[in-house]
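Got chain W sorted already, so can you dock chain R onto it with the hints?
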Amino acid sequence: MSPEPFLGGTDHTPVRHHILSVLVENKAGVLARIAGLFARRGFNIYSLAVAPAEGNARFSRVTIVVDAQSAPLEQIVGQLDKLVNVVAIKDLAPRDAIERELLLATLSVDNINRASVLDVAANTGASIVDVNAQSVTVMLAGTPKACDHLEKALESFAGVELQRTGRVALPRLDQTAMA
Amino acid sequence: MQLTGAQALIKSLEREGVDTIFGLPGGAILPVYDPILDSSIRHILVRHEQGAGHMAEGYALATGKAGVAMVTSGPGATNIVTPIGNAHMDSTPLVVITGQVATAAIGSDAFQECDITGITMGITKHNFLIQSAHEIPRVVAAAFHLATTGRPGPVLIDLPKDVSQSTMEWWYPSSIEELDLPGYHPDVEIDPRAVAHAVELIGLSERPVLYVGGGALKSRANDALLAFAERTNIPVVTTLMARGAFPDSRPQHLGMPGMHGTYSAVTALQKSDLLIALGARFDDRVTGQLSSFATGAKVIHVDIDRAEFNKVRKADVTLQTNVALALLAFDEANATPLNLDVWWKEIRTWQERYPLAYDAPSDDGPLRPQYVIEAIARAAAPGTIVTSGVGQHQMWASQYWQFEEAGTWVNSGGAGTMGFGVPAAIGAKAGRPDRTVWCIDGDGCFQMTAQELVTARSEGIPIKVAILNNAYLGMVRQWQEMFYEERYSEVYLSADLPDYVKWAEAMGCVGLRASNLHEMHEVIARANEINDVPVVIDFRTDSAEKVFPMVASGSSNDEIMVHPSLRGSSR
Chain W
1 MSPEPFLGGT DHTPVRHHIL SVLVENKAGV LARIAGLFAR RGFNIYSLAV APAEGNARFS
61 RVTIVVDAQS APLEQIVGQL DKLVNVVAIK DLAPRDAIER ELLLATLSVD NINRASVLDV
121 AANTGASIVD VNAQSVTVML AGTPKACDHL EKALESFAGV ELQRTGRVAL PRLDQTAMA
Chain R
1 MQLTGAQALI KSLEREGVDT IFGLPGGAIL PVYDPILDSS IRHILVRHEQ GAGHMAEGYA
61 LATGKAGVAM VTSGPGATNI VTPIGNAHMD STPLVVITGQ VATAAIGSDA FQECDITGIT
121 MGITKHNFLI QSAHEIPRVV AAAFHLATTG RPGPVLIDLP KDVSQSTMEW WYPSSIEELD
181 LPGYHPDVEI DPRAVAHAVE LIGLSERPVL YVGGGALKSR ANDALLAFAE RTNIPVVTTL
241 MARGAFPDSR PQHLGMPGMH GTYSAVTALQ KSDLLIALGA RFDDRVTGQL SSFATGAKVI
301 HVDIDRAEFN KVRKADVTLQ TNVALALLAF DEANATPLNL DVWWKEIRTW QERYPLAYDA
361 PSDDGPLRPQ YVIEAIARAA APGTIVTSGV GQHQMWASQY WQFEEAGTWV NSGGAGTMGF
421 GVPAAIGAKA GRPDRTVWCI DGDGCFQMTA QELVTARSEG IPIKVAILNN AYLGMVRQWQ
481 EMFYEERYSE VYLSADLPDY VKWAEAMGCV GLRASNLHEM HEVIARANEI NDVPVVIDFR
541 TDSAEKVFPM VASGSSNDEI MVHPSLRGSS R
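Here the protein sequences come in this chain order: W and R.
According to my numbering, numbering within the first sequence proceeds without interruption in unit steps and concludes at 179.
According to my numbering, numbering within the second sequence proceeds without interruption in unit steps and concludes at 571.
If you are wondering where the hints come from, they were derived from the structure by calculation, not from laboratory data.
As the structure is a computational prediction, the values presented were derived from the model and not from experiment.
Some hints could be false.
Stated by the list, open to error - So the derived list for chain R, only partly shown, Cβ under 10 Å to chain W, looks like this:
(1) L129
(2) R306
(3) A307
(4) F309
Backbone N, C-alpha and C define an ideal beta-carbon position, used for all residues, glycine too.
Next up, chain W with everything else stripped away, as it sits in the complex (with noise of 0.2 Å):
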């Protein structure tokens, strides 16, 4: 995993990762194929989500944020296509893609900067989904700038278990098809 910050975003600024929305068989052991491919081909894997595609048994999707400067990303693309358990890739530049990402944190508070942490919530689009004494648990559904943006807001906060799901991707609907 890289520790840099993501430089692409849904605005054009340089573009250095790549989203792969990656159609696969569910089958045992086809998550360690691709993580396997990745690690010993030297390919960098930013962020990684897994889940059934299409509520189906059969197949899952695997959204992988690669790092696109480690490898090209035709060598990527073209060795992930010779795992036989994958069906199909899909190369999705940012900004042809809608990706959202889900952040949860979880704050120490005391009774002086409950407020704050409340207003941070509220100006970030984040809701609060578990609270007691001590702790408050905020979670944002969002872009991942709008993550990264509740991330920073909550660096000045004492105590904070934070954890992202990594991004899921889908390609942006076309504008220009008739209704």
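Chain R alone, transformed into the frame defined by chain W:
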């Protein structure tokens, strides 16, 4: 019809047309060995599982069919990892069946358990862990389909013991769809635009070279290649993996390129203006220093595997298809280069000035290994299959044997697996009993796997083994001499320990020895008279002999070193 999983496996192999299995039984695979007794399939009992794997490779390379090996779980499975890795590097079709502990015991560190599908994930084209006996026919059919189509390669089937003992209702897939491989589409539509672009580049070229790789043999492109090459008169080079794809006897053939290639093959690539790469992958042993490789050449890259495109060398045209189909498409479009007279004149000058060379043999001194190979080749029947290990002897065999047809050169290319030669020769001979099979081996390689001579003798597989015994790990010695100031570290093996003649005799083979030219001719003639048992010849060769030409590792191909006897000529 109710069958056990074990019976279903053997019946499935029969359905796939398997005639030979190389293997060794053990606990987890035991149930499968029972129905072998009732099968038409010949099982060859090896003495070490690595031998089974290399024999299956030799069988596959000599016959063009998938080789099949079967071993037990745990150490049986790990012992065959090297051949699997070797087959993966050389795209050799292989189906390897491993026994596994019972499904309930998987993950419990049971006796002779190992995660062989995990271990071989990166060195198989695909592997399967069978979960139920019902799957067996589908998995076996899928394994052969995967191993032999597209870019061929090894496929492993891991079969738990309880699955082979359970019963199933017999069935067999009758279509590709039933194989349940939704992600596998080996047949690619040929792209007419890429063909047109390639034809255009060929039409503009004055110094083209056909850079022929192993994919030409895998796609059985010999006839298409000969037709295209003869029509266009484009010079041909065949890589180590492609020897036999184009007849060495044709003057159009410049020989092998690469680290120990001929001067003309290496230099033709360097000076070319168009490389037509046919099932070749720009291996570092061919390109030398990449930044100075064929800098003036455009590249047409034909390969069935698109992941090879632009992996090493950027191509101007990529054409994903098999080599034979590409050549037919080029012919159909009448792809023709410009006049090649000047190019050929230049190439002929290099050939005349820098042929393959070695010092003349003396009557009583140690033998010249190159001369031994030429003498064996001269006395060999046409169509003789040659296998080798890895090292100096392999390079000399590739350089000095004249290969005329596909499947006559069986060696370990990409992986460089020492010890490949003897078991590969046994497998080749098992697959092609009509052919003479010579293994040109080194003394270091021979010692790694020669216990399989017992297999050869007991199974009645009369191979011939020529040990070029220079008492050293010769290639490493050569590098230490040339690049480590003659500081020889851990390369001396002794010419007399072991006694190779006694070794051969102990294993039921005929053992012969030759230390001078007279003996050499005598033992070769004697070996050719023996056709019922394996023959091993200990040829005492000069340990100082080095392989030339040579491009030092990491150097530019422009810095090719020819044999010392050819240096300093400034004609």
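Checked hints:
{"no.": "1", "hint": "L129", "result": "7 Å, holds"}
{"no.": "2", "hint": "R306", "result": "5 Å, holds"}
{"no.": "3", "hint": "A307", "result": "3 Å, holds"}
{"no.": "4", "hint": "F309", "result": "7 Å, holds"}
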